[in-house]
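S.K.: Please arrange chain B on chain A, whose structure you already have, making use of the hints.
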Amino acid sequence: MIEVKDLHFTYPNGVEALRGVSLAISDGEFVAIMGQNGAGKTTLVKHFNGLLKPNKGEALVDGVSTKRVSVAQLARKVGFVFQNPDHQLFCETVEEEISFALRNFGFKETTIKRRVTWALNLLGLTQYRKTSPFMLSGGERKRVALASVLAWNPEVVILDEPTIGQDYQQKETLRQFIVQLNAQGKTVVVVTHDVEFVAECGPRVVLMLQGRILAEGKAEEVLTNLSLVAQASIVPPQITQTFLGLADLGLPTNVINVHDASRILLNLLEVTP
Amino acid sequence: MSVFDGFRFRRVSSPVHDLDPRVKFLYVCVVFAAAVMFSELLPLILLLLIQVPFILLAGVQRAWLRSLRGASFLALLIFVMNLVSMYLYQGQVLLEYSLGMTLRFLVLVESFSTFFLTTSPDQLSLALEQSHVPYEFSFAFTTAVRFVPVLAEEAQTIMDAQRARGLELERGNFIKRVKNYIPILIPLIVNAIRRSLELAEAMESRAWGATEKRTNLYVLKMRGGDYALALTSLSMLIIAVYIRLYIPIPSITTLVHL
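Residue numbers (numbering that gives the first Met the number 0), protein chains in the order written: chain A, 0 to 272; chain B, 0 to 257.
This is chain B alone, in the form it adopts within the complex:
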């Protein structure tokens, strides 16, 4: 269940954790846009590297490495698929292009995991609410995020219960192995639905949604660091667009041959 560890937020304080979540989200969006803009290797390497100080500053490098390790299988898959399909369509091995696509995926994973690792579910809901997203939606979203670790724990218990009844998850061919997960998934889904109904009842009995206009105990406020990050993000976006439009990007292969 280590895949879900990325969602398990730990309340710590760091310059990055204390940033306004809205600005952090802007930053993530800029990195996202830039990553999608380029398929060349060079700018993608740059995008991967400029995030490292951010992660170190937040002190989440261990959890971050774990989420990268979790993504490594998909990254490999993307690499192989690109290599094979480009070979089939164009008849040549495009190593640099495939690497670029893999790196683009890693940049996306990196930026989103940094965001989630440094933003608590509470902050997230505050950010959504104060960006005028209807409260129902922001509440549903944060509840979903918050319940991921609970669900992961429950999945572990269910796995134990079924293994105690002689279920061997790692046995048989591929189809058999997929089938082995049915006894785990059904109780998990049934319990999740049951829990959501109970949660709804508990919330309604505590007058959820009784007042139209909600006020918040904590109000998000932009500070110096937030303005700096917002400015950096926007200039990054402008530079990225400028480079994309006016500057030809050399591939690593031509750079090596120079």
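Okay, chain A solo, but in the shape it has when bound:
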């Protein structure tokens, strides 16, 4: 479990990124952290695996302060997929790229082979096993980055802006994949601007504003609260906007995804699905 208490963090250049954030994420939870640029989202999640250490307050992973353990030890438990895959890919083949972390963690060669095959398969990259990651498309590189983290099977997966640069089809595949990961018991933390993506996933939403938590709650509560989302520079999902616009007709105002919307509309038309 990850817990931060009254977290304060100021970058060496004087930018005060976090001003007292308290948040607890329990095992197996799915949390989306949202908010405008510079709200402190990435700074916050970088505390979850000890890349940043709090100036004030504390960050605990499984009850242990991140100040007391190394990033490498924490990374074993908390996997972090960075926004830009180009910031981490450096090997000659996709296979080596995925085994990099496994070698760092000291897995046995036979285990590494098995894990790599498993991760390649999981993300549909098997045909690129011997390809250079630099030859792949943006979406594929992103998947390699994701595979290279999932390969060591961390208990928590943090994804920083997973949907950027992905086309709709890829985004949908990725969404289903993440939901599936969570259903299998993994704790998932997503940092994103993509409101439609969040709406379809239906996680717990944490809204951040200027280094503080503005609000948190179920996706259908937070994303349909117009004053809240406006403060966080977010526009509600299109489906929500439609339903809010038709509220006069007696339609519910807390609809955020397509599935719920079609169910309600079908009921309204008195057609049994």
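For the record, the hints were derived by calculation from the structure and aren't laboratory data. Every residue gets a Cβ at the ideal spot worked out from N, C-alpha and C, and that includes glycine. Hints should not be assumed to be uniformly reliable.
[Unchecked claim] Listed next, the in silico BS3-like pairs over lysine-lysine satisfying Cα-Cα at most 27 Å (straight line):
1. 175(B) x 129(A)
2. 217(A) x 4(A)
3. 178(B) x 112(A)
4. 4(A) x 55(A)
5. 66(A) x 76(A)
6. 76(A) x 170(A)
7. 175(B) x 107(A)
8. 4(A) x 107(A)
9. 52(A) x 4(A)
10. 129(A) x 112(A)
11. 4(A) x 185(A)
12. 129(A) x 178(B)
13. 220(B) x 112(A)
14. 178(B) x 107(A)
15. 66(A) x 4(A)
16. 66(A) x 55(A)
17. 185(A) x 66(A)
18. 107(A) x 129(A)
19. 66(A) x 112(A)
20. 76(A) x 175(B)
21. 76(A) x 178(B)
22. 55(A) x 76(A)
23. 66(A) x 175(B)
24. 107(A) x 52(A)
[Unchecked claim] Label-pair distances were calculated between CB atoms; the ranges are:
25. 226(A) x 211(B): 51 to 59 Å
26. 166(A) x 170(B): 38 to 46 Å
27. 126(A) x 75(B): 38 to 46 Å
28. 149(B) x 113(A): 38 to 46 Å
29. 232(A) x 143(B): 47 to 55 Å
[Stated by the list, open to error] Stretch-level coverage of chain A by chain B, calculated; a stretch enters the list once three of its residues show a Cβ under 8 Å from a Cβ in chain B:
30. 39-52
31. 62-71
32. 75-86
33. 93-104
M.R.: The following block gives chain B in isolation, referenced to the frame of chain A:
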């Protein structure tokens, strides 16, 4: 990444910042020439000290101290190397000579960091351009300078990304530690090349180099302070050459024994 902080220019105004960059460069060159002319301790101490008021006037003492701290390791290395090699060649410990060499290095670092700390990249490119350096060269130079902080920031992100994959930079013997930097350097270089190509495309799509003769919005103009500094620099150079040629410089050791 504090080494790169010296390159992170902050726009401030001070009598030194407002000087013509060409004159400042002349001053730096004079200090450079003088430092290379002397290997005796006394004139080098003098050269180190005469720059201090300049730095205080510009108000960059903190950044300047930081860059000196960054240079301290190299300074120590120069000191030890000189001490050891002179001992091996001449069979005696030349403490004052080694100190002089170290001080010469520090004077060079001091003068160049003062120049870069008080001259914005824009001013620098203006100075190059109006000294009739071809625009392609001056542009390439200023772009390189301007991208150093960007690169430093990117290096930090890459380091974070690899540490999140269990890379421990500080682990292992010397060779292992050097090898640890491969996962950082490769993405950094690949991204730098990619960025430069993108920059070139973006520039060309905005008609870079379409006109042969460029005009500038700002034109550098010499003012009173600039003439004063130019004059001071030139007289410093003349005095330094005169002392070098005609006046024997006593070493500190003989001065102490007097």
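S.K.: Compare the structure with each hint and give your call.
M.R.: Here is what the structure says about each hint:
no. : hint                        : verdict
1   : 175(B) x 129(A)             : 26 Å, holds
2   : 217(A) x 4(A)               : 21 Å, holds
3   : 178(B) x 112(A)             : 23 Å, holds
4   : 4(A) x 55(A)                : 9 Å, holds
5   : 66(A) x 76(A)               : 15 Å, holds
6   : 76(A) x 170(A)              : 26 Å, holds
7   : 175(B) x 107(A)             : 20 Å, holds
8   : 4(A) x 107(A)               : 37 Å, violated
9   : 52(A) x 4(A)                : 13 Å, holds
10  : 129(A) x 112(A)             : 13 Å, holds
11  : 4(A) x 185(A)               : 23 Å, holds
12  : 129(A) x 178(B)             : 23 Å, holds
13  : 220(B) x 112(A)             : 68 Å, violated
14  : 178(B) x 107(A)             : 21 Å, holds
15  : 66(A) x 4(A)                : 14 Å, holds
16  : 66(A) x 55(A)               : 11 Å, holds
17  : 185(A) x 66(A)              : 24 Å, holds
18  : 107(A) x 129(A)             : 21 Å, holds
19  : 66(A) x 112(A)              : 33 Å, violated
20  : 76(A) x 175(B)              : 25 Å, holds
21  : 76(A) x 178(B)              : 25 Å, holds
22  : 55(A) x 76(A)               : 24 Å, holds
23  : 66(A) x 175(B)              : 25 Å, holds
24  : 107(A) x 52(A)              : 31 Å, violated
25  : 226(A) x 211(B): 51 to 59 Å : 57 Å, holds
26  : 166(A) x 170(B): 38 to 46 Å : 40 Å, holds
27  : 126(A) x 75(B): 38 to 46 Å  : 54 Å, violated
28  : 149(B) x 113(A): 38 to 46 Å : 41 Å, holds
29  : 232(A) x 143(B): 47 to 55 Å : 36 Å, violated
30  : 39-52                       : holds (count 3)
31  : 62-71                       : holds (count 3)
32  : 75-86                       : holds (count 7)
33  : 93-104                      : holds (count 4)
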